[in-house]
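Protein chains: 2
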Amino acid sequence: MSEKTTTAKIKLSVADLDFEKQGGLLPVVAQDVSTGAVLMMAYANQEAVQKTQESGFAHYWSRSRGALWKKGESSGHLQKIVEVLVDCDQDTLLYRVHQSGVACHTGRPTCFFQELTIKIKDK
Amino acid sequence: MSEKTTTAKIKLSVADLDFEKQGGLLPVVAQDVSTGAVLMMAYANQEAVQKTQESGFAHYWSRSRGALWKKGESSGHLQKIVEVLVDCDQDTLLYRVHQSGVACHTGRPTCFFQELTIKIKDK
Chain H
1 MSEKTTTAKI
11 KLSVADLDFE
21 KQGGLLPVVA
31 QDVSTGAVLM
41 MAYANQEAVQ
51 KTQESGFAHY
61 WSRSRGALWK
71 KGESSGHLQK
81 IVEVLVDCDQ
91 DTLLYRVHQS
101 GVACHTGRPT
111 CFFQELTIKI
121 KDK
Chain V
1 MSEKTTTAKI
11 KLSVADLDFE
21 KQGGLLPVVA
31 QDVSTGAVLM
41 MAYANQEAVQ
51 KTQESGFAHY
61 WSRSRGALWK
71 KGESSGHLQK
81 IVEVLVDCDQ
91 DTLLYRVHQS
101 GVACHTGRPT
111 CFFQELTIKI
121 KDK
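First to last, the sequence lines map onto chains H and V.
So the first sequence is numbered by the numbering used here: it starts at 1 and just counts up by one.
So the second sequence is numbered by the numbering used here: it starts at 1 and just counts up by one.
Hints listed in this document are in silico derivations from the structure and should not be mistaken for laboratory results.
Incorrect hints may appear among the rest.
You can't tell identical chains apart in this list, so a pair holds if it fits in one copy or across any two.
Cross-link-like lysine-lysine pairs, in silico, DSS-like; alpha carbons within 25 Å at most [stated by the list, open to error]:
#1 80 x 11
#2 21 x 70
#3 9 x 119
#4 119 x 11
#5 51 x 9
#6 21 x 80
#7 9 x 21
#8 80 x 119
#9 119 x 51
#10 21 x 11
#11 119 x 70
#12 70 x 51
#13 51 x 11
#14 80 x 70
The structure displayed is predicted, hence computed values, not measured ones.
Between the sequences and the hints, there should be enough to build the whole structure, so can you do that?
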């Protein structure tokens, strides 16, 4: 993949993550490693991150249901983890995955299927 | 780009975005269109989204400074907008950009330069 660097990444453990900043949750971006597409954005608590580490499949925390959520558990649209990247502030994760089926509950490959109109003003 | 679909995307305006869910802010993922790399995650309020639409450069809301933030205004590391995508819930944005210089304040190309250790347990 063209976006990969050749330098080894710094390795972190769950204890290094800053869950405090957002009340126990980290925002998580999921990206398909095959296409580079950004698939979705969701949240994970510590348990979800640990389940992701241990199972090799993406887990999140559903804020609406107040429950641990294994992505694709009912639909079969699992996200197999290739790597979990951590940002510079250690408060955001990037799940790099192989997506089975589609990521979006609407049946589309990615949740980002709508576009905001851009209206650049002349100066 | 391989992640692009051939179907036209649904067009939305700022009025369609759900700013209420997170107290006036939307999470924003920034992605480099040239490499596919996920660069950073930040937040935007309505003014930041409108400035992004009107100027063609990525604007965010800095939660730490409590201020509108034009990315790269002091460093020169601007993000020129190619398109702004909206997710299915209309509460998350994806800025697809041409990144000048580097995205991360550490000098690295992307903020996601660290990796969480994965320890898949045998069943």
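Checked hints:
{"no.": "1", "hint": "80 x 11", "verdict": "within (20 Å within a copy, 31 Å between copies)"}
{"no.": "2", "hint": "21 x 70", "verdict": "both (23 Å within a copy, 23 Å between copies)"}
{"no.": "3", "hint": "9 x 119", "verdict": "between (39 Å within a copy, 16 Å between copies)"}
{"no.": "4", "hint": "119 x 11", "verdict": "between (42 Å within a copy, 12 Å between copies)"}
{"no.": "5", "hint": "51 x 9", "verdict": "within (22 Å within a copy, 35 Å between copies)"}
{"no.": "6", "hint": "21 x 80", "verdict": "neither (27 Å within a copy, 29 Å between copies)"}
{"no.": "7", "hint": "9 x 21", "verdict": "within (24 Å within a copy, 34 Å between copies)"}
{"no.": "8", "hint": "80 x 119", "verdict": "between (39 Å within a copy, 14 Å between copies)"}
{"no.": "9", "hint": "119 x 51", "verdict": "between (43 Å within a copy, 10 Å between copies)"}
{"no.": "10", "hint": "21 x 11", "verdict": "within (21 Å within a copy, 34 Å between copies)"}
{"no.": "11", "hint": "119 x 70", "verdict": "between (39 Å within a copy, 17 Å between copies)"}
{"no.": "12", "hint": "70 x 51", "verdict": "within (9 Å within a copy, 37 Å between copies)"}
{"no.": "13", "hint": "51 x 11", "verdict": "within (18 Å within a copy, 37 Å between copies)"}
{"no.": "14", "hint": "80 x 70", "verdict": "within (11 Å within a copy, 36 Å between copies)"}
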